[in-house]
Each structure stands twice: as C-alpha cells, then as structure tokens.
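Enquirer: Listed below are the residues making up each chain.
Number of protein chains: 2
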Amino acid sequence: MSADAETRHATQGADLAAPIRDEDGRLFHAFVEAVAEAIAANDGGRVCELAGDLHESDVGDLIENLEPDDRPKLIELLGKEFDFAALTEVDETVRVRLLEELPSATIVEGVRELDSDDAVYILEDLDEAERARILDQLPAPDRVALTRSLDFPEESAGRRMQTAFVATPPFWTVGHVIDHIADTPGLPETFYEVFVIDPAFKLLGSVKLDRLLRTRRSTLMRDILEELPRTVRATDDQEQAARLFERYNLVSAAVVDDADRLVGVLMVDDILDVIEEEADEDLRALGGVTGDEEISDTVLYTARSRIPWLLVNLCTAFFSASVIGLFEGTIEHMVALAVLMPIVASMGGNAGTQTMTVAVRALATRDLGGHNARRLVRREALVGLANGVTLALLVGLTAGTWFENPELGVIIGTAMVVNLVCAGLFGILIPLTLDKLKADPAVASGVFLTTVTDTVGFFAFLGLAAWWFNLH
Amino acid sequence: MSADAETRHATQGADLAAPIRDEDGRLFHAFVEAVAEAIAANDGGRVCELAGDLHESDVGDLIENLEPDDRPKLIELLGKEFDFAALTEVDETVRVRLLEELPSATIVEGVRELDSDDAVYILEDLDEAERARILDQLPAPDRVALTRSLDFPEESAGRRMQTAFVATPPFWTVGHVIDHIADTPGLPETFYEVFVIDPAFKLLGSVKLDRLLRTRRSTLMRDILEELPRTVRATDDQEQAARLFERYNLVSAAVVDDADRLVGVLMVDDILDVIEEEADEDLRALGGVTGDEEISDTVLYTARSRIPWLLVNLCTAFFSASVIGLFEGTIEHMVALAVLMPIVASMGGNAGTQTMTVAVRALATRDLGGHNARRLVRREALVGLANGVTLALLVGLTAGTWFENPELGVIIGTAMVVNLVCAGLFGILIPLTLDKLKADPAVASGVFLTTVTDTVGFFAFLGLAAWWFNLH
Numbered sequence: 001m002s003a004d005a006e007t008r009h010a011t012q013g014a015d016l017a018a019p020i021r022d023e024d025g026r027l028f029h030a031f032v033e034a035v036a037e038a039i040a041a042n043d044g045g046r047v048c049e050l051a052g053d054l055h056e057s058d059v060g061d062l063i064e065n066l067e068p069d070d071r072p073k074l075i076e077l078l079g080k081e082f083d084f085a086a087l088t089e090v091d092e093t094v095r096v097r098l099l100e101e102l103p104s105a106t107i108v109e110g111v112r113e114l115d116s117d118d119a120v121y122i123l124e125d126l127d128e129a130e131r132a133r134i135l136d137q138l139p140a141p142d143r144v145a146l147t148r149s150l151d152f153p154e155e156s157a158g159r160r161m162q163t164a165f166v167a168t169p170p171f172w173t174v175g176h177v178i179d180h181i182a183d184t185p186g187l188p189e190t191f192y193e194v195f196v197i198d199p200a201f202k203l204l205g206s207v208k209l210d211r212l213l214r215t216r217r218s219t220l221m222r223d224i225l226e227e228l229p230r231t232v233r234a235t236d237d238q239e240q241a242a243r244l245f246e247r248y249n250l251v252s253a254a255v256v257d258d259a260d261r262l263v264g265v266l267m268v269d270d271i272l273d274v275i276e277e278e279a280d281e282d283l284r285a286l287g288g289v290t291g292d293e294e295i296s297d298t299v300l301y302t303a304r305s306r307i308p309w310l311l312v313n314l315c316t317a318f319f320s321a322s323v324i325g326l327f328e329g330t331i332e333h334m335v336a337l338a339v340l341m342p343i344v345a346s347m348g349g350n351a352g353t354q355t356m357t358v359a360v361r362a363l364a365t366r367d368l369g370g371h372n373a374r375r376l377v378r379r380e381a382l383v384g385l386a387n388g389v390t391l392a393l394l395v396g397l398t399a400g401t402w403f404e405n406p407e408l409g410v411i412i413g414t415a416m417v418v419n420l421v422c423a424g425l426f427g428i429l430i431p432l433t434l435d436k437l438k439a440d441p442a443v444a445s446g447v448f449l450t451t452v453t454d455t456v457g458f459f460a461f462l463g464l465a466a467w468w469f470n471l472h
Numbered sequence: 001m002s003a004d005a006e007t008r009h010a011t012q013g014a015d016l017a018a019p020i021r022d023e024d025g026r027l028f029h030a031f032v033e034a035v036a037e038a039i040a041a042n043d044g045g046r047v048c049e050l051a052g053d054l055h056e057s058d059v060g061d062l063i064e065n066l067e068p069d070d071r072p073k074l075i076e077l078l079g080k081e082f083d084f085a086a087l088t089e090v091d092e093t094v095r096v097r098l099l100e101e102l103p104s105a106t107i108v109e110g111v112r113e114l115d116s117d118d119a120v121y122i123l124e125d126l127d128e129a130e131r132a133r134i135l136d137q138l139p140a141p142d143r144v145a146l147t148r149s150l151d152f153p154e155e156s157a158g159r160r161m162q163t164a165f166v167a168t169p170p171f172w173t174v175g176h177v178i179d180h181i182a183d184t185p186g187l188p189e190t191f192y193e194v195f196v197i198d199p200a201f202k203l204l205g206s207v208k209l210d211r212l213l214r215t216r217r218s219t220l221m222r223d224i225l226e227e228l229p230r231t232v233r234a235t236d237d238q239e240q241a242a243r244l245f246e247r248y249n250l251v252s253a254a255v256v257d258d259a260d261r262l263v264g265v266l267m268v269d270d271i272l273d274v275i276e277e278e279a280d281e282d283l284r285a286l287g288g289v290t291g292d293e294e295i296s297d298t299v300l301y302t303a304r305s306r307i308p309w310l311l312v313n314l315c316t317a318f319f320s321a322s323v324i325g326l327f328e329g330t331i332e333h334m335v336a337l338a339v340l341m342p343i344v345a346s347m348g349g350n351a352g353t354q355t356m357t358v359a360v361r362a363l364a365t366r367d368l369g370g371h372n373a374r375r376l377v378r379r380e381a382l383v384g385l386a387n388g389v390t391l392a393l394l395v396g397l398t399a400g401t402w403f404e405n406p407e408l409g410v411i412i413g414t415a416m417v418v419n420l421v422c423a424g425l426f427g428i429l430i431p432l433t434l435d436k437l438k439a440d441p442a443v444a445s446g447v448f449l450t451t452v453t454d455t456v457g458f459f460a461f462l463g464l465a466a467w468w469f470n471l472h
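So the sequences go chain by chain: A and B. Under UniProt numbering, think of the first position of the first sequence as 1, with each following residue one higher. Under UniProt numbering, think of the first position of the second sequence as 1, with each following residue one higher.
I should point out that these hints are in silico values taken from the structure, not numbers from a laboratory. Quick caveat: nothing in here was measured; it's all calculated off a predicted structure. Honestly, I wouldn't trust all of these hints.
Since copy identity is lost for identical chains, a pair holds within one copy or between any two.
Each computed EDC-like pair below joins lysine to aspartate or glutamate, with the alpha-carbon atoms no more than 20 Å apart [said to hold, decoys possible]:
| id | residue 1 | residue 2 |
| --- | --- | --- |
| 1 | K438 | E407 |
| 2 | K202 | E49 |
| 3 | K73 | E37 |
| 4 | K438 | D24 |
| 5 | K436 | D22 |
| 6 | K80 | D367 |
| 7 | K80 | E155 |
| 8 | K208 | E189 |
| 9 | K73 | D127 |
| 10 | K436 | D24 |
| 11 | K438 | D22 |
| 12 | K438 | E124 |
| 13 | K202 | D125 |
| 14 | K438 | E23 |
| 15 | K436 | E23 |
| 16 | K436 | D257 |
| 17 | K436 | E239 |
Excised from the complex, chain A in its bound form (with noise of 0.2 Å):
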C-alpha cells in the first residue's frame, strides 16, 4: 500500500555479499546463532547489519530458527527495518503466537504497509477484537479494502487477492496507458497486466505489459485486449483458482465480483503457495497428519493433533483382531498360521495403498472422473490380480517350504490374490465414493482401505486354513 516499499524492494539485491544460506538452501547455523547473540546482547545496530536488508522470506525462515522468546525481540530490535511480509513467510503456530505477543501499535505501523493480500494473510489470524482495534487505526482506504476482503470466506480468492490493480477504460491509447503509469505515483508494487474496465467497474479485459510495450502508442486499448473467459470469483475457492493459473498458465488473473465488477487481482506467487499447501495437505492427510501441523508445533499441541487418527485406527484395529479371534481353534491346532497371516494382510496394505495413492492424487488433480473411473477400476483389479499371483507364487512356496507344509503354501498364496485383488478394488472404490460424498478422499480413505485389507487377508487366510484342514 506504501510506494516507499517499492524503494526498499530495489535496494535488496545488492546486499546479499555474504551467503546466509547452504547450496541445499538452509540458513547457515553460523548466522543464525550471530543473529541470536547480538539479540541477547540487545545489540539493534547489530541485528539490523545483519538481518535489516535480508528478503522478506529470508527474515522469515530467520524468525522460525530463533527460539521463541528471541522472535518479538528480533522485530523490536529491528523497528523500521522490519517488512512485516516476512510474517506471510512464517508458519502459522509462530505467526500466531507473535502477533500476541507485539504491541497493537507496532502491528498497525506495519500491516499499514503491506499490500492488501499480505495485510489480509496476517489480520486473518488475530481474533476478532485485536483485529477490529487494528482495522479502526488504518487509514480508511486501507480499511475499507480489508474489511471487503476478510468479508470473503476463508480459502476464497477474495482473500488471497491484492485489491490494488491497473486499469484504464477502453478508448484510452497505448500512449496514453504508458504515461499514465509513469506519472501515477502509488500504483501498485507489482503488476503484470492493465485491465480494461467500463464506467462501472465492469471489466472487459486485460492487456498484458508486453503486449503493451509492444504496441504503437495510438492503439487503442479496446483494440488490444484479450478477453478473459477465465476470470476468477471473489468467492471461488483458492484451490479452483490455482487449478485455472495451472492449467492455463497464468501469471496473474482478475478477480469479480458477482456482478462481474473488477475488485482485485490474484498473483501467481500466492497461487504457488495455495499449491503447495494443497498438494502438502493431501500427502499429509494420507499420512494421517492434519493439514496445519507443523514443525515448530509443541509435544503436547502436536500429540493431541495426532492421537484422533490413531483413535480411529484403534478400532479398527481392534475390528481386525476380533476376526482373528474368531479362528483361535484353529490357530491353537496349527500356530503356523499366526506367523503366517500378517504378511497376507500386510501385502494387502502396501498394494492397496499404491492404488490408494494413485487415485486420491489423481482425484485432487481432476485427472481421475466419471468418464475415466470405470477403465481405471479395471486397471486396478488387474494389477491387484497379476500382482496378487507373482506374490502368491513366491509366498506359497517359501511358506510351503519352512513349514514343510505344502498344502499351507496353497492356502496362503490364495489368501494373497484374494487380497491383493480386493486391495485394487477398494484402493480405488473408497477414494471415488468418498469424492462422490464430497468428502476429501486424502482424509478417510486409508483407514477404510486397511480395514478392508486386514480383515480380508485375516478372514481369506484363517478361513482357508479353517475350511481346508477340518475337511482333509
């Protein structure tokens, strides 16, 4: 929103004389330890030597690596030289617990010059008292651009978009566009297009600043412009606008309103993040993490993040015990089979999980739909087969073999296919129902699919053996 960040952006460059970070791109130990001592020695032009001129996202890794006590000291120490913007570098946990712990003055002074994306990234995680208090002391412009913005639900585009933009009405020249922007003072830090809008606010198109620069001067805009079928609503969710920046790739897009009004621009910078966060969250999610831990998280904070998933996991474990339970004669006749049946069950696991894996990406990435989701149930139950008989083939005959029981090495290798035939089949089948419910196929579907795959490999296992040996 300043102009005056503008400058300090430009200065940037030159200042990086010493390396802080290693060629894998982690902050030198070295200098973050100098930047800790000369905050304990509350050492302000030492700190600023250090840390004053770094990026933004610098500063910000800086602020992770520092132990927390030594974080509000660091911005303190700092005072004019900090660039809030390195609190959208941060974890959320951390950002969390800073901004509660700095002065509502300091906090005002700096959100008043961030863009309007940043501000809205840090205001978004104060409650809603401090944030009111610090909206009340911003100058009514920048309140107003805000308070539209936060108004927009959580993960919209309305959030993450700048609502600082280009543009100019349609019967303006090129020449005309070029002078404008360098005689306008605070226009925006960083734009990549001028938008073409009628008398109210509709917007008609935008003009890329390449096509812009080249154009003869006495082209009028109207003339030039693409159309943008592919504009972004306020309310449209982060991850469809990403989608689109991918899939057409975009370097920046309009984002409407309702009524088609221009009210802000989406970046492609905050859409790498958006994709991140996304893909993060789905590999999370399989893992059976929750999207928002993170490293800086607390023993205990993070224990009881975790323990909902084991929880779940319990009982169905203990659902899988209880089919064992159901052949315990048979298991007492014949221990054999108690060594034997967690390989059925685990090879169901690992097989069912590559179908798993395959399916709830391919889902997030809308690859994998209606048209395509019967070929690929197919696909799955065949690999699950042919794998299924390479597996049984060698665990029939190595469990045939050590228990010197060939009619066990039978059995086993049965109990295999069978389950490697329904790990396909549910590794695909669960993710597709739950995408079907609308419900996020990353989350559930792994503790369904081993549930499946357990008490399948348990019951085909047991089962045979149970059959097989009392009939024979």
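Fit chain B to the known structure of chain A by using the hints.
Expert: Okay, now just chain B, sitting in the frame of chain A:
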C-alpha cells in the same frame, strides 16, 4: 519461436462460448464424445470447429480423454490448427506413444512453432535417432538453441529454460528500450523483465516491465537495474530453481552458464509444473508408487512398475514373521497373543507414519535441517511416549477385559508404549539418515519404518508375554 503463435493466442479468449468443463474443472463427457464422433466420421471441419480454438491445455486434456487410437487422428484432422504446445500438457506415456505414431514431417512442423522450452520438452522424449532427424530439419538458429538446451542434464534448469529473451546494454535509456520493444518483431511471446548485459553477454541485472513503465524515458537502464544475486545456473536441478522461485516469489529468473553469461530465462509457469511434480513425487514415493506412473498406463506396465516395491515389502514381512516364529511355543500356550499382536504392530506403524510424513515433507521443503533436528527427534520421541501412554491405557483395559486377563492388559500396554516411542524415534531418524546419505527419504523411509514397528511390536509384546507368563 514463430511470431504468429502470438496472434493465435490473442484469439483464444473469445471462443469459449460453450463451456467445455464442469464446475470441478473436468472436461464434459458430452464434449469428448462429440469430438470422438467427429473423428470417427473423419469430419475435419467439425473437429476444427469443436477443438480448433481451444487453449493448448484444453486440447491436452482432450487428447488424454480420447481413446489411444483417436489421438493421432485428432492431430491429423486439426492439421494447422493443432498447437504442439498441447503435447507438453499430456502424460509422458501418452506423449511418447503419440510421437511414435506421428510422421516426422508433422513433428518438425509442430516443433518449429514452439517456444524453445516446449520444444525441448517434446524432443527429450524421443529416441536419439528420431531426435537427430528432427533437429536436422529445423532452421539453424533453432537447432543450435535446442541442442544447447538438450545438452544440459535431465531435470536441470537448462532443460526447462526458454532460450529467447529481451536484453539491452546498460547505456540504453528507458525510452530507447520501450521503442526497441515496440519496433522489433520476433521478440519472445511472453516476457516479464528486460535483462541488462555487457558486450560479453555477462548478466548485469534486470528491469521488470512494471518498473520500466514507471520510469522516465530519459533514465539509463544501468541506473534502474536490479542486481540479481538470485540467478539460476543452467546446470542447477529444476527443484533447486523451484525453491528459489517459491522463496523469493519470482515470476521469471535469468539462467546463466558457468561463466555467468545469460543463456536463457526460466518462467514461473514451468516452475509451477515442477513444484506440482516434486510434491507429487514425494506423495507417490511415500505410497510406494514410482514417480512416473500415470493413470493412462496399461495394466501390465502398472503391475510391473509396482511389483519391486511389493517384493521389498515381502522380504520385510517375512522378517517380521520370523520374529513371530520365535514365539510359536508361547502362542500355542496362549492364542490370545496371536489375536492381539497385530494391534501393537499396526498402531506403531500408524504413529510412525505420522512422524515420517512430517519429517519427509519438512526435509523436502528444507524446514528440517541440522540445527533443529535434535529438537525434533526429542519432540517425536515425547509425542510417541504421550500417545503411547494414552493408547496403552485404552488397549490394556480393552484387552484385559476381553480375555479376562488383567496381566495380559498390562503386557500389551507396555509393549504399546515401547513401540510408539520407537515409532516416533525411527519415524524421524530414518528420513534424516537417508537424507544425510543423499538418498531420497520419501522413497525408502516407509519400508525401513514398517520393519522397525512390526519387529519391535511383535518382539516387545510376545517377548514380554513369554518372559512374564513363564516366570509367573
């Protein structure tokens, strides 16, 4: 490379009268069917009408949704209307097979129209001989640029860069640069910054287009250039480049050779693909699926690509089984142990996977490194202890009641605590060690971890039981 790609691009906007995607972003089945029917009827006019004006990404999705035999026919029927950039948007398997089926002349024609980064993307999938044949038929400047890109290692920045860029000497004025851009045909289709170079092509800095537009015409480029400590080396891994884009919110970045000469430019849209790919690779690796498996692969190909992982897991499953084998006598004596033992192993596996997921991802994003490793190992062990105790109480009570044997409850509870602490410890130590050894933690952590949690789980539970009930 060709200037008319641009005019083609400008007309794309207006033609999406009928939407071809549903609100989730999937292609409408009816649309795909209509195209397939037109192809079956060999009706080129209808095909062009339906798909001629689509964005390259939409054409790419369309290709993937068609039956394999229809794909080359679509390209043939589209003729001049087919933009080869669409081939950069399809799965590798689909692309490789399509390229095999297309005549060389068509490929030459298509590649000639592409930006160098897209051309490289397509050429790198061809076999040596075919690639040489096509390069031979391209105009000399294109051939030289493409050959140079292809000489860089796979997955390097040099392969992903665009070799066309806008560069000026430092003594030009802003006005001169703006006029130069307006007057010079054949500039790259898209660019976000103008590079400033010395006569030997050594990179001095860059000026972003918005900055160029905001500066008075008389200013010299040398006075507004931003020095670039954040250039990418052509031999750098694409993932390294992606981290740089993410960290510093870049939209494009200069690529330099070992003598610091400007050789190309990396664009954020290519980096988006890299980021998505890398997150995907981690996710798949954790699920035991190789990175290049695609949903368009055949049953046999898929089965073959997944079996190695299953075989590795089979070995560890037999290893765990052999641990159970040590306690055959104990189990014979008390079958309840066989019923309960999978609970201990599987809860350890679940808890360990949570830790491992967080660790693998934090390593990939460089959030976990030397300085905080010790703190996190301690945290994970303590989280394991905390959740181990909670689960131990629940499992102990349930198991003790179920089998009317309180001592059995105590034993399974103790085993649970032991296994969950191990799960936490190894869940982070295994990825850390693999990372130290320069192996990819996402690929191999899972199999080591399951081995630990199964072995420890069975051994702790059965061993404790054997010791306790024999002595008792």
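Enquirer: Would you pick out the hints that fail for this structure and give their numbers low to high?
Expert: 1, 2, 6, 7, 9, 12, 13 and 16
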